[in-house]
Amino acid sequence: MSIGQDIRLGADIGGTFTDIALDVRGTLYSTKVLTNYTAPEQAILDGIEIVTQDAGVDASQIDMIIHGTTLATNALIERRGARTALITTEGFRDVIEMRTENRFEQYDLNLKLPTPLIPREDRFTVKGRISAQGEELLALDEETLEIIARNIKAEGFGAVAVGFIHSYMNDAHEKRAREILQRHLDLPISISAEVSPQMREFERFNTVCANAYVRPQMASYLSRLEVRLKEMGAGCPVFMIHSGGGLVSLETAAEFPVRLVESGPAGGAIFAADIARRFDLDRVVSYDMGGTTAKVCLIEDFKPQTARTFEVARTYRFCKGSGMPISIPVIEMIEIGAGGGSIAWVDAMNRIQVGPESASSEPGPACYGRGGERPTITDADLLLGKLDPDNFAGGKIRLSKEASARAISLDVGEKLDLQPQAAAFGICDVVDENMANAARVHAVENGKNISENTMIAFGGAAPLHAARLCEKLNIDRCLIPRGAGVGSAIGFLRAPFGYEAVASQIMGLKGFDTAALNTLLEELKATAESFVREGAQGEIQREITAFMRYAGQGWEIPVALPDRDFIAADEALIEQAFKERYAKFFGRAVEGPAIEFVTFSVKAHDMRAETEGHPLTEEGQVIEASATRQVFDPALGGEQSTGIVLRDTLSAGDRVIGPAVIVERETSTVVTSPFDAVVQSDGTLLLMRKGV
Amino acid sequence: MNQIDEIRMQVMWNRLISVVEEQAMTLLRTAFSTSVREAGDLSAGVYNARGEMLAQAVTGTPGHVNTMAEAVMHFIAEIPREEMYPGDTYVTNDPWKGTGHLHDITMVSPSFKGDELIGFFACTAHVVDVGGRGFGADGKSVYEEGIQIPIMKFAERGEVNQDLLKILRLNVREPNQVIGDFYSLAACNDVGHNRLIAMLDEVGLDNLESLGEFILSRTHAAIMERIADLPKGAWSNDMLTDGYDQAIKLAAEVSIGNDNVNVDFSGTAAMSPWGINVPMIYTKAYACYALKCVVAPDIPNNAASLAVFKVSSPTNILNAERPAPVSVRHVLGHMVPDLVLGALAKAMPGQVLAEGAAALWNVHISARPVEGQEGRQAEVLMFNSGGMGARPQLDGLSSTAFPSGVHTMPIEATEHTGPIVIWRKELRPDSGGAGKFRGGLGQVIEIAPAEGHEFNFSAMFDRVTSAPRGRDGGEPGAPGSVALDDGTQLRPKGWQHVPAGRRLVLKLPGGGGFGQPAERLQEAIAADRAQGYVTGGDV
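Quick mapping for you: the protein sequence lines, in order, are chains A and B. Going by UniProt numbering, the first residue of the first sequence is number 1, and it counts up by one from there. Going by UniProt numbering, the first residue of the second sequence is number 1, and it counts up by one from there.
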């Protein structure tokens, strides 16, 4: 069954809210419920109750439930996992503690490094060694393993992780160790060659530790959820969204819960990718800004950019290197500490700085009047006229402009001798510039030019800042979809059954071993497809990618390979493909150095019903605003009398001339003076640069 | 300045920093050199037309960052303005005008907007080889250490100097990688230039003058406030280091005046006949870094913030003169912060961390098959760090690079680069100096040639004969040791041999402690025991 013919429910457990989206044969119902930390499944059940009533259907009629959650991420951030034992190669007890031997901030002599997930006393070593080529250098010491197993049993551990050197080349020792441990222990055992078969011991060991650490908790949550859903009559299959943006079964999720990390944001990227497909936009940058952070993702040919490793739980001002690396296929996003609640301050050079400290929902921005005294981005937005104080969150909260002005003056304005409004502009423009810079650098890292993209903005705060961001990034078009507040949950409904299997295998391209490559790819294909088959019966699509580099380099670039067996004569073809990709990334290919493979990936997913593509409507009938208010326009550098339009009163083909503010229940879209807004057939707003 | 202009200037400052980040990112992604790609051993920055540094990428290590700040002035002095054209790129590896040894290539590109020279971009990276004896301390003069490239044009109006490439190709061991890195460096400056022009066009500026003035005057005001808060006077310190074959004394006097801080290195030992000498530009880089960490960690590095830190010295091992050998200048260079901080600790008691391992324990391995056997030949470079000194309120960081800003490499990646097996790389218990706050632990590394192979390695280690000292009653960290697994002691400097079947065992120094050991909290003592950081039987 494809979208539009059945009833699907998406549930996204976030930090503050649990979002529920119900698609009843093409009609969408959604709600937000406060997340319940002690019984996370309760919020889902409450939400289902609400949306099924709204839609007039019964829980038993739901055909499929798709679920994503930050629970695994939170368990890692808050260190609320099981007491876990790590068993590792003798001589390498401290890999997860020694990290990269680097200080991620050069000048702070009081720097604290994140403590390892598993303390030293719980890390056990055993003799046995595999070489870089995958040969056994030293046999596994099984007697010691028996002793370790007995110790683990005696000490009341909740989970076990096994990580041996070079196990991505040869997993025999890890598998044998699991066999021996299983004889003594009734505990979940995770091995690194299965969780993350990629080279680089710190990342791989940390990933298997993280998996083991959250496994008991996630397994128990998932089985509780399944039972409670059945009790309420929802006996349909439940699937989990994973960090790579595909779906996996509950059983797989319970075994590899680390793959659920960042699944919520992944849903947001799929949501944007679906809109990209709907409007046939091949180059898109998604921009999701909420209460504490902003996330940016590049989407090419309707596919969100993916990576093979990322960092969670950053401890130091979102600084790269201050978190823990997780090596699994993931939708790649850059995240910066800039959301509506981010706090503004002034540094030693009298420069305005924003975030990453956040006022979060309690006490919240100063304008909420709940005890927050420090100025936030929301306060600055309010003072610039971008928000209506009487109509925020559907009128649920009355905002105080006076409180915002007071906080901004005290912490920023007076220090810089700026009027409150100029200071508010400063706060907004600094944060917009920071987001623009992050997006620009991210695009460069991926060999792309950001200004050639269309932006898709969602999340509570994004529509307030999107137009200004486009001004800074030289982007001409930006879409603000409907339902942007529960974007991730809607995205879940659009997710394919998909899985990416990855393995490292370093080998030179010149005279490469075709048989070895074909065997490896066959294994990866089988692995990926077996996961997809847990939920999909139809045709499966595959994408084969090699991550390659010049020998001597440390950064690999993805090169798409044809989906077939390789013969020796393919060398020239692969070399050509690599050089073209390289030139696209870095300007020109290099002549001379040898080329090598490092990692291979097979992505498999079921065929989704194609969303019908229709072109953007760029022309429209100009409509007059019903009211005006003074709003600060950055390009014009001052307040302008600005039209206020209610989004609900707009219909397809309407054109709103900027500057204007288009208001809806959850947020407002600010159309700055260089832009107009044109309403699309599905209610999406298109912000278009004038004269393009 | 009107209120909106003030904000626009602030925003453009942020944007300029983003421009140099893009520049650095390009270098990081394309470099062939292990130390650049894996260890982040690079720097990138933008300068005004007078050669004053306005911003630099946060990626990078102090030895590059602060030397490059000065290097651009040498280029301007050498290449007349009328011979600078759009599309030019200049290059040098002159240790006295660049970053202290021949392995570092510095490239500077003028940035033109129309006909106007508006500024420069510069970048530096360590390349895999420069010919000569290779990376090591055994050279008797700079002539033995590799090819010297005086300040010259790498490209004129976009045309690459092919004569230079031909000479280079014949003089280095890995020509493809080295020349690849030359192109990477030039390309990263191009990226910076293109982004800068796009930014200026967007904001409607003709040049960098007004923005540069804004950045430098703001920074100047902030750093002057910090200097004003410091105690005034002069304080001195000295320390012993291993040297090549005999101990070497380093001495410094830090004088804090009303508008600057000067470090004088009189009393430091004379130049060495071995390649451990340090050109002043590199000594200064690390002296500035140490001062800035304590005085102004949050103030950005640019011409205005660096201008208040001055150095002076007669000719000696920290102010070596041409043609002294300088290949391994980083070992003593990395000692300079501990030397300077020791003097500063007397001026600011209770606020400065204890001594640590300081110098990186870099190992350059040259592996080959045993005679008569099949196998691989390869050069392998590893970066490893000992323990950092304890801080006034915190234990020292274990096996963490300080003052260098580099990373280590995964051993799984290192083993792919050559026929070696790393059997151990883990923390070294009992190596942190005792104190109210414990010094960071060093580490133990065991490296063997793969079966049928043997290797030579270049030792570039220190703190083997003189341990890192504690502060305010803290005890010293454990000194380092270099040996074979059969107990044979090896030297901390110079090329040495590891035969087939043996292991090289490196024990890296731990950091010194801070404060009296008797004042250490019971919980901290218990935790050290439980984790095995401390195992001794004395309690």
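Treat the hints with care, since some could be wrong.
Stated by the list, open to error - Facing chain B, according to a computed beta carbon distance under 10 Å, are these residues of chain A, among others:
id, residue
1, E90
2, E445
3, N474
Source of the hints: derived by calculation from the structure; they are not laboratory data. C-beta atoms are modelled at their ideal positions from N, C-alpha and C, and glycine is treated no differently.
Looking at the structure, which of the earlier hints fail to hold?
Hint check: nothing fails, all pass.
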